[in-house]
Amino acid sequence: MPVNETLARYSDWSYVSAVVVYVLAMVFYLVEQAMTKTRRQAARELTAVGGGSAEAVEVPAESVVVTRSPRADRFGRMGFSLNVLGVLLHAAAVILRGVATDRVPWGNMYEYGSAVCLFAVVGWLVLAKRFDIRRLSVWVLLPIVVLLFLGGTALYTPAAPVQPALQSYWLAIHVTAVSISSGLLLLPGVASLLYLFRAAYERNGRFAGFAARLPKAEVLDRLAYRVTVVGFPLFTFAIICGAIWAESAWGRFWGWDPKETCAFIAWVIYAVYLHARATAGWRGNRAAVINILGFASMVFNLFFINLVTSGLHSYAGVA
Amino acid sequence: MTNALAYLRNTWRGLTAMRTALILLALLALGALPGALLPQRQLNAGKVSDYITEHGWWGRLLDTLQFYDVYASVWFSAIYVLLFISLVGCLTPRMFEYAKQARQQPVITPRNLARLPHHGTSTVDVAVDDVVEASRKRLRGWRMVVREEDDGARTISAERGYLRETGNLLFHFALLGLIVAFAFGKLFGYAGQVAVIANGSQFCNSGLFAYDSFTPGLKVDGTELDPFCIKVNDFKATYLPDGQANSFDTGVQYQTGADLNSDRWEPYDLRSNHPLRTAGDRVYLLGHGYAPQFTVTFPDGQTRTKAIQWNPSDLNTMLSSGTTTFDPPNTTDETELRKHQIAITGLFAPTAVFDGTLMSSIYPGANDPAVAVQVYEGDLGNNSGYAHNLFTIDQSMVEQGRLVQKAMKNLKLGQEIALPDGTKIKFDKALEFVGLQVSHDPSQDFVLVFAVLMLVGLMGSLAIKRRRLWLRVTPSGEGTVVEVGGLARTDQAGYGEEFTRLSAELLTGKKRDT
Ligand code: HEM
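First to last, the sequence lines map onto chains A and B. Residue numbers 1 to 319, in our numbering, belong to the letters of the first sequence in order. Residue numbers 1001 to 1514, in our numbering, belong to the letters of the second sequence in order.
Heads up, a few of these hints could be off.
[Unchecked claim] Derived DSS-like pairs: lysine-lysine, alpha-carbon spacing no greater than 25 Å straight-line:
(1) B:Lys1186 with A:Lys259
(2) B:Lys1465 with A:Lys129
(3) B:Lys1412 with B:Lys1339
(4) B:Lys1412 with A:Lys216
(5) A:Lys259 with B:Lys1047
(6) B:Lys1426 with B:Lys1412
(7) B:Lys1219 with B:Lys1236
(8) B:Lys1429 with B:Lys1236
(9) B:Lys1047 with B:Lys1186
(10) A:Lys216 with A:Lys37
[As the list claims (entries may be wrong)] Computed Cβ-Cβ distance ranges for the label pairs, DEER-style:
(11) B:Asp1269 with A:Ala91: 51 to 61 Å
(12) B:Ala1183 with A:Val20: 16 to 26 Å
(13) A:Val308 with B:Trp1057: 48 to 58 Å
(14) A:Phe304 with B:Val1145: 50 to 60 Å
(15) B:Leu1065 with A:Leu88: 31 to 41 Å
(16) A:Ala91 with B:Thr1092: 23 to 33 Å
(17) A:Phe149 with B:Gln1042: 55 to 65 Å
(18) A:Phe197 with B:Arg1041: 54 to 64 Å
Simulated from the structure, these hints should not be mistaken for lab results. A virtual CB, placed ideally from N, CA and C, is assigned to each residue, including glycine.
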């Protein structure tokens, strides 16, 4: 099946436009942040913490009042609209690639990275619509724009059919599930990283300029947890599908191929995260660090295993 | 004696604590990592020996520490065995606890509901009993119990989300099952590779000798393989103009069971992602390549024809290297034989281009096949007791002068090369071979079942929240005071919204409007 070059070209243009629009959206989000005033209160406040225990704890740092003017809010909303536009262009890029090549549009590393980012942004927009966390958007878009930039430059691969090993309906099932779950798991990774700053700020006032504008540590923690409990089972499903595919493609369902090993490691790290959150003394900072490690292992799996080691999963298509 | 018991008990407690499981899990992730970073014997033994040679003492140290066999190493096994024990130790008491709880009533309503993380209160002018009745209706699906308090107040204790623990236990037991099934497969499974030339040649799963390489499970000695035969009739590959493979198709026929002693063959279309499943085994098409066919005409006029697989060293152009050997005919004398063995060794290109005499390949399809070969005569040394590499000649024989190069030439289809003693060698044609893998794993279906159970359990235990809700309805002067309190027993995340919704309705003291 030949490739439709025209559609492939439109896909590429769409991709570039999406990245540009994302960057613009980030600019608007940043303006909103800059216009959000934080006022320090020297007075120490009593705040109730912990699971409902009425015990009051003194917060040593100056507490800060965050006020958002209507103008700032307008910039935020404009950023959000641009963000939606970006995601539409991004989706168009992915879909056009699929139509141009007449297959699922995630058959090599460029396409896969693009799909992961798309699902991450879609997931984010859904969350930001439901909860009051829009001001985190710029921190979510940052890694996405970096990934898309790398994808569009260093990893770019022209539209083409995939090799025989990938011609299977499992490509649609396995890789779709992996890319949705990886995309979703990016969000807790970002939230956990921000959690560390915010928690330090709440503990002793460090990183005030930046962390004062973030949502409360508790909100970030909950965000990370709630997205992880959706992303993790999906990731599990994706690995099981990978194993089923491997059984029919490579002759065994599990063989400790580097990508399999790394998927296993990421899976175990997320399992540690879930257990840590249920264990006294591991909640909070430690759990957040584990979640970040989990996401780091996913990124490692994508870049290091695809580009540096060689294994059966080596159809990244990067010359 | 008591000391020893106390020690055992403490060890057991320590091993089955959540914190230990956490650390063991972290170790498992860490321990698996070298397997992704260092070459592994089980995947590529050649790479491992290269790595060791390149890294000197450090490479050898890693070898001693089993870093090239991570998943079979003592330390990796130790981690997962400990984790396994820790799991069993964690789960067993939880099972009993779970069984007990399943029969218990929701706990009594706390005295002060305002101290709970979720709380709400209102005063309504609905009778106490009606509030209780309405709330009971509203709390359908919750396990609940209504109690009477001394001062005339009535309370409801409600709890739901018991399935969370069911899911949790299911997940963990399925995990245990998966590990056991996986290990079983490692004991009783095997995998073997064999190259078969696609001109009607056959392979029969009758013993280890039939394979080019074979990896048995620990309990497999190769004597009881499932018998079947497979005949490879043709192989067809298509490529894109840039050389990327587009499709592989293999026409095979196979026979099993009673057919084995007959002429009955079943046809099958063996493709990537489309293995042949028969007789408890699976046959995969995992590779392909070329087998140049040569005919040697010996000085006495006798001819011999042979084709064996050459190794594709570049999958984009299928430039291959290999060696095809011949024994002189009619020689029974071993020393005479060892003076006149012939080896044709060199490169094969399916679509050859030449830069002077230097040959390379520009396309993987057989558009214009050619070979660039050297012909050696003498002692091949292939019964010297050392493992013999199929694709090369034994260089030590060359160094000892026992194997001597007699000619060197590029040959296109049908061209010949002549040796000084009058022997002629003709490049007849390029045949293709397929690389087959035969896999056997008696427990993989169980692994799948356990994996699916794990997933189901996981979803249950993550999506369902164990939560409690209490309601106290107290008669007072101005009306009826309704108090609601809620507590998520597992993770607070998410209960807040449900509680707010629910308590808003309960606090009206009325039935739902709908
Ligand atoms: C046990 C078996 C398998 C596991 C655990 C597994 C795991 C994964 C993981 C974790 C990813 C995403 C990694 C990343 O971020 O790059 C992935 C991607 C992918 N997998 Fe698998 N997989 C398995 C089998 C297979 C098989 C049999 C195929 C096809 C023959 C396959 C094709 C792909 C493709 C095309 C991608 C996305 C593109 C890419 O990363 O280059 N996988 N797999």
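Going through the hints against the structure:
1. B:Lys1186 with A:Lys259: 20 Å, holds
2. B:Lys1465 with A:Lys129: 24 Å, holds
3. B:Lys1412 with B:Lys1339: 28 Å, violated
4. B:Lys1412 with A:Lys216: Not satisfied, since the Cα-Cα distance of roughly 76 Å exceeds 25 Å.
5. A:Lys259 with B:Lys1047: Holds, because 18 Å separates the two Cα atoms, which is no more than 25 Å.
6. B:Lys1426 with B:Lys1412: Given that 25 Å is the threshold and the Cα spacing comes to 9 Å, the pair holds.
7. B:Lys1219 with B:Lys1236: 38 Å, violated
8. B:Lys1429 with B:Lys1236: Distance of about 16 Å is within 25 Å: holds.
9. B:Lys1047 with B:Lys1186: 23 Å, holds
10. A:Lys216 with A:Lys37: With Cα atoms ~16 Å apart, Lys216 of chain A and Lys37 of chain A stay inside 25 Å; holds.
11. B:Asp1269 with A:Ala91: 51 to 61 Å: Violated, since Asp1269 of chain B and Ala91 of chain A (Cβ atoms, about 37 Å apart) do not stay within the stated range.
12. B:Ala1183 with A:Val20: 16 to 26 Å: 53 Å, violated
13. A:Val308 with B:Trp1057: 48 to 58 Å: 24 Å, violated
14. A:Phe304 with B:Val1145: 50 to 60 Å: 56 Å, holds
15. B:Leu1065 with A:Leu88: 31 to 41 Å: 53 Å, violated
16. A:Ala91 with B:Thr1092: 23 to 33 Å: Roughly 50 Å apart at Cβ, these two residues miss the hinted range, so it is violated.
17. A:Phe149 with B:Gln1042: 55 to 65 Å: Violated, since Phe149 of chain A and Gln1042 of chain B (Cβ atoms, about 38 Å apart) do not stay within the stated range.
18. A:Phe197 with B:Arg1041: 54 to 64 Å: With a Cβ separation near 44 Å, Phe197 of chain A and Arg1041 of chain B fall outside 54 to 64 Å, so the hint is violated.
Hints 3, 4, 7, 11, 12, 13, 15, 16, 17, 18, counting from the list given before, are not met by this structure.
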